[in-house]
Amino acid sequence: MNWRDFRIWGLAPAWVIMALTLVLPIGIVVLVSLSIRGAYGGFDWGLSFDSYAKILFEEDWDGNLAFTPQYLAIIGRTLWLAGLTTLICAALALPAAYVIAQAPARWKAVLVYLVTLPFWVSMIVRVYAWIIILGNDGVIEKTLRGLGLVADMDSLLFTNGAMLTGLVYSYIPLMILPVFASIEKLDPALIEASHDLYGSRWVTARRVILPLTLPGLMAGAVLVFVPCLGAVLEPILLGGGKVMLMGNLIQTQFGGGRNWPFGAAIAVTLMGLVMIFLMLNALRARREVSHA
Amino acid sequence: MTMRILLTSALLALPAAAQAEGVLNLYIWSDSISPELIAKFESETGIKVNVDGFNSNEDLLTKLQAGASGYDLVTPSQHFLKIMADEGLLEDIDAHDLAAYQAVDEKWRGQWWDETNEYSIPLAFGTAGFTVNRDQYKGPVDSWAAFFEPGEDLKGKIASLSYPDEVVGAAQLYLGVPFCSEDSAEMKRVYDLLAAQKPFVAAYTSDNIENRIGGGEVAMHFWWDGNSMKTRANDGAPIEYAMPKEGLVGWLDSFVVPKGAANVENAKKFIDFMSTVENATAQYNFYGHSAPVKIDTASAKYTPENAPELFPTVKVEFSRACSPAAQDLVTKVWTQLLQ
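As you go down the protein sequences, you meet chains A and B in turn. With the first letter of the first sequence counted as 1, position 69 gets the number 69 in our numbering; the numbers rise by one all the way through. With the first letter of the second sequence counted as 1, position 236 gets the number 236 in our numbering; the numbers rise by one all the way through.
You may find that some hints are simply not true.
Which chain A residues face chain B? A few, computed with CB under 10 angstroms, are given here [claimed, not checked]:
#	residue
1	12
2	40
3	59
4	66
5	68
6	77
7	136
8	137
9	181
10	184
11	188
12	189
13	191
14	195
15	254
As a list, the in silico DSSO-like pairs of lysine-lysine whose alpha-carbon atoms are at most 30 angstroms apart [claimed, not checked]:
#	chain 1	residue 1	chain 2	residue 2
16	A	54	B	188
17	B	48	B	259
18	B	48	B	315
19	B	301	B	107
20	B	157	A	54
21	B	315	B	301
22	B	48	B	294
23	B	315	B	157
24	B	48	B	157
25	B	107	B	294
26	B	259	B	138
27	B	198	A	142
28	A	242	B	63
29	B	63	A	54
30	B	138	A	242
31	B	157	A	142
32	B	48	A	242
33	B	138	A	142
34	A	142	B	155
35	B	138	B	245
36	A	242	B	198
37	B	301	A	242
38	B	259	A	242
39	B	188	A	242
40	B	188	B	269
By construction, these hints were calculated from the structure, which means they are not laboratory data. We treat Cβ as the ideally placed atom computed from N, Cα and C, and that holds for glycine.
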């Protein structure tokens with residue numbers, strides 16, 4: 001046994017785990033998406049691209065095969081909401097992370113701990129908490145009424161805003177942490193240098209702080225955007241189930257719709273979108289390295 | 001098929017330890033069986049009972065189709081029971097030979113979902129319809145029109161369920177479209193009705209219904225008979241379960257044993273246990289849905305006088321197992337509604 005061999009087969013456990021937990025399940029989903037649906041759910045092995053065609057073309061109410069925008073609308077809405085959530089998270093996380101990074105050392109640990117605190121509670125409980133906050137006679141409504149600001153208001157719950165709030169709340173810690181890490185590494189001398197060179201606060205923020213924290217922001221964007229694409233709870237519990245996102249669409253097809261191959265095809269499409277996003281991000285990172 | 005075997009062998013390895021004598025794994029509608037009865041069964045037989053809950057027939061079907069579920073006894077509704085039996089997902093337990101079978105009301109024997117009574121013993125039945133909060137809505141409730149074609153003042157004051165199964169059925173009753181219709185023109189009418197109702201709907205949601213309708217957050221909610229009755233009778237909510245002249249959507253849940261269950265004999269014991277007059281009565285008093293087996297009417301908590309919800313005065317039409325073509329139309333209605 002020599003060292004070079006060990007470098008190859010020493011990684012075998014990692015490869016086995018990757019194959020069993022990542023490659024195999026994804027392979028099964030891809031195969032299911034190409035299979036033939038069973039009459040009452042389930043599937044039979046086969047090779048058919050019908051499920052992918054169905055995303056774009058479906059029989060209309062008159063029985064003619066026609067272009068159907070409904071699944072694209074759901075995909076588009078999912079991308080839009082995930083993107084908006086990422087932007088809002090970034091806008092809120094940057095100042096929050098900055099404050100944490102500037103805090104005295106003994107406070108820093110406490111603040112970082114507080115950011116991660118919600119993860120100790122189950123996701124469904126955290127989303128339910130927002131039902132209580134936003135609901136009729138909820139905390140917000142009672143407060144506004146108590147202050148005499150509003151007499152009678154429309155419900156905040158079961159709106160797109162509620163859904164967005166829930167998504168931002170759920171995923172913002174995943175943005176704060178990497179941004180905090182990159183701000184902490186920021187050399188204060190660079191900020192001083194910018195001021196010495198007559199850079200205003202705004203110019204300093206835009207041309208010094210932002211570019212230097214960009215890697216953290218991009219890492220956070222990936223961590224927020226990707227799980228948002230698969231969100232299921234928020235649209236149902238906070239959005240009132242009035243519109244579907246891709247996660248709900250996949251659930252419907254595997255459940256009541258009894259069309260597993262189509263559900264799998266949408267899941268593969270979702271995965272494809274995630275891969276495109278990750279690859280664009282990786283390309284950008286590489287470009288940055290070559291610039292530096 | 002290979003995948004099912006793969007999954008099965010992978011999953012079988014896990015609950016192998018639990019196959020030892022004295023275990024029963026239940027997968028039932030959430031909170032549908034009296035915990036006191038389960039405790040009583042455990043102390044009488046020494047069998048350890050594990051209970052998991054589901055909230056939709058679809059969840060149950062998907063789980064059984066995915067391969068060995070590890071459950072010994074599950075409680076699907078009639079149309080899903082039919083699909084499971086046809087798909088070979090159920091164990092033939094010769095239900096007609098069980099002591100419990102003698103307790104089953106004559107009219108629930110030999111039904112289309114289990115014609116020869118091989119697979120199932122019924123547990124509870126009831127209807128799906130809509131409930132109104134009388135503080136919020138004073139109008140008539142003798143037709144589905146009140147729910148599907150509400151007046152302007154009910155904008156944002158109606159709630160429906162988060163899956164199509166019974167909601168589409170109710171819309172079909174109202175429009176006179178047969179259940180499981182494969183006629184896309186007919187189903188387009190169902191879609192149009194639901195789409196026109198959507199601006200009035202605050203939420204399509206199947207949980208936390210008690211609070212939403214009982215507290216008056218919405219004026220009308222799609223709901224089940226027994227749940228509506230219990231919220232009115234036990235919590236004093238000012239609600240009324242409608243008896244629409246077009247009819248109500250019927251359901252009946254039964255005990256069945258999934259194919260390959262590890263503890264079939266314990267499952268049979270539990271079915272017999274639940275079907276004795278004493279226990280069936282206790283279950284009826286707990287669950288608040290009608291009992292398809294013999295109960296002691298003298299100690300039954302709910303009667304036609306104090307629980308009219310359970311004794312419909314209009315026709316009840318039971319959901320059926322739809323063909324793939326019909327199911328696709330239902331899914332299409334729902335997806336377009338929520339697109």
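Hint by hint, here is what the structure shows:
Of the supplied interface hints, the one on residue 12 of chain A is violated, with its beta-carbon coming no nearer than about 21 angstroms to a beta-carbon of chain B, more than 10 angstroms. A least Cβ separation of about 5 angstroms between residue 40 of chain A and chain B falls short of the 10 angstroms threshold, and the interface hint therefore holds. A cut of 10 angstroms between beta carbons decides the hint on residue 59 of chain A: the least distance to chain B is about 8 angstroms, and the hint holds. Violation of the interface hint for residue 66 of chain A is found here, the shortest Cβ-Cβ separation to chain B being roughly 13 angstroms, above the 10 angstroms cut-off.
Against a cut-off of 10 angstroms between C-beta atoms, the interface hint on residue 68 of chain A holds, since the closest Cβ of chain B lies about 9 angstroms away. With a cut of 10 angstroms, the hint placing residue 77 of chain A at the interface with chain B holds, because the nearest CB-to-CB distance is about 9 angstroms. Because the smallest distance between the Cβ of residue 136 of chain A and any Cβ of chain B comes to about 5 angstroms, under 10 angstroms, the interface hint for this residue holds. Nearest Cβ of chain B to the Cβ of residue 137 of chain A: about 8 angstroms, under the 10 angstroms cut. The hint holds.
Interface restraint check: residue 181 of chain A against chain B, minimum CB-CB distance 38 angstroms, threshold 10 angstroms, status violated. Interface hint status for residue 184 of chain A: violated, as the beta-carbon distance to the closest one in chain B is roughly 42 angstroms, over 10 angstroms. The restraint placing residue 188 of chain A at the interface with chain B is violated, with a minimum CB-CB distance near 50 angstroms, outside the 10 angstroms limit. This hint is violated: residue 189 of chain A has a C-beta 54 angstroms from the nearest C-beta of chain B, more than the 10 angstroms allowed.
Taken as an interface hint, residue 191 of chain A does not check out: its beta carbon lies about 49 angstroms from the nearest beta carbon of chain B, beyond 10 angstroms. Among the interface hints, the one on residue 195 of chain A is violated; its C-beta lies about 53 angstroms from the nearest C-beta in chain B, farther than the 10 angstroms criterion. Because the closest C-beta pair between residue 254 of chain A and chain B is about 6 angstroms apart, less than 10 angstroms, the hint holds. For the hint linking residue 54 of chain A to residue 188 of chain B, the alpha-carbon distance of about 19 angstroms falls within 30 angstroms, and the restraint holds.
With a C-alpha separation of about 21 angstroms, the suggested pair residue 48 of chain B and residue 259 of chain B falls inside the 30 angstroms cut-off, and the hint holds. Restraint check for residue 48 of chain B and residue 315 of chain B: not satisfied, since their Cα atoms lie roughly 41 angstroms apart, outside the 30 angstroms limit. This hinted pair checks out: residue 301 of chain B and residue 107 of chain B have alpha carbons roughly 23 angstroms apart, not beyond 30 angstroms. Proposed proximity of residue 157 of chain B and residue 54 of chain A is contradicted: the alpha carbons are some 35 angstroms apart, above 30 angstroms.
Proximity of residue 315 of chain B to residue 301 of chain B is assessed by CA-CA distance (about 24 angstroms); at most 30 angstroms being required, the pair is judged to hold. The straight-line distance between the Cα atoms of residue 48 of chain B and residue 294 of chain B is roughly 26 angstroms, inside the 30 angstroms bound, and the hint therefore holds. Of the supplied pair hints, the one linking residue 315 of chain B and residue 157 of chain B holds, its CA atoms being roughly 27 angstroms apart against a limit of 30 angstroms. A hinted pair counts as satisfied when its Cα atoms are at most 30 angstroms apart, and residue 48 of chain B with residue 157 of chain B does not qualify at roughly 45 angstroms.
Proposed proximity of residue 107 of chain B and residue 294 of chain B is supported: the alpha carbons are some 12 angstroms apart, at most 30 angstroms. The hinted pair formed by residue 259 of chain B and residue 138 of chain B fails the criterion: a straight-line CA distance of about 50 angstroms is larger than 30 angstroms. In summary, the hint linking residue 198 of chain B to residue 142 of chain A is supported, as the alpha carbons are separated by about 28 angstroms, within the 30 angstroms threshold. Of the supplied pair hints, the one linking residue 242 of chain A and residue 63 of chain B holds, its CA atoms being roughly 26 angstroms apart against a limit of 30 angstroms.
About 25 angstroms separates the Cα atoms of residue 63 of chain B and residue 54 of chain A, which keeps this hinted pair within 30 angstroms; it holds. Distance restraint check for residue 138 of chain B and residue 242 of chain A: the Cα-Cα separation of roughly 26 angstroms lies within the 30 angstroms cut-off, and the hinted pair is therefore satisfied. At roughly 20 angstroms between alpha-carbon atoms, residue 157 of chain B and residue 142 of chain A fall within 30 angstroms of each other, so this suggested pair holds. Under the criterion of a C-alpha separation no larger than 30 angstroms, the hint pairing residue 48 of chain B with residue 242 of chain A is inconsistent with the structure, at around 42 angstroms.
Using a Cα cut-off of 30 angstroms, the hinted pair residue 138 of chain B and residue 142 of chain A holds, with the two alpha carbons roughly 27 angstroms apart. Restraint check: the Cα-Cα separation between residue 142 of chain A and residue 155 of chain B comes to about 22 angstroms, which is no more than 30 angstroms; the hinted pair holds. A threshold of 30 angstroms between alpha carbons decides the hint, and for residue 138 of chain B with residue 245 of chain B the separation of about 18 angstroms falls inside it, so the pair holds. Restraint check for residue 242 of chain A and residue 198 of chain B: the C-alpha separation of about 8 angstroms stays at or below 30 angstroms, so the hint holds.
Pair hint residue 301 of chain B plus residue 242 of chain A does not hold up; C-alpha atoms about 38 angstroms apart against a cutoff of 30 angstroms. A C-alpha spacing of about 37 angstroms is found between residue 259 of chain B and residue 242 of chain A, which places the hinted pair above 30 angstroms, so the restraint is violated. Straight-line distance between C-alpha atoms of residue 188 of chain B and residue 242 of chain A comes to about 19 angstroms, which keeps the hinted pair within the 30 angstroms bound. For the hint pairing residue 188 of chain B with residue 269 of chain B, the CA-to-CA distance comes to about 47 angstroms; that exceeds 30 angstroms, so the pair is violated.
In this structure, the hints that do not hold are numbers 1, 4, 9, 10, 11, 12, 13, 14, 18, 20, 24, 26, 32, 37, 38, 40, in rising order.
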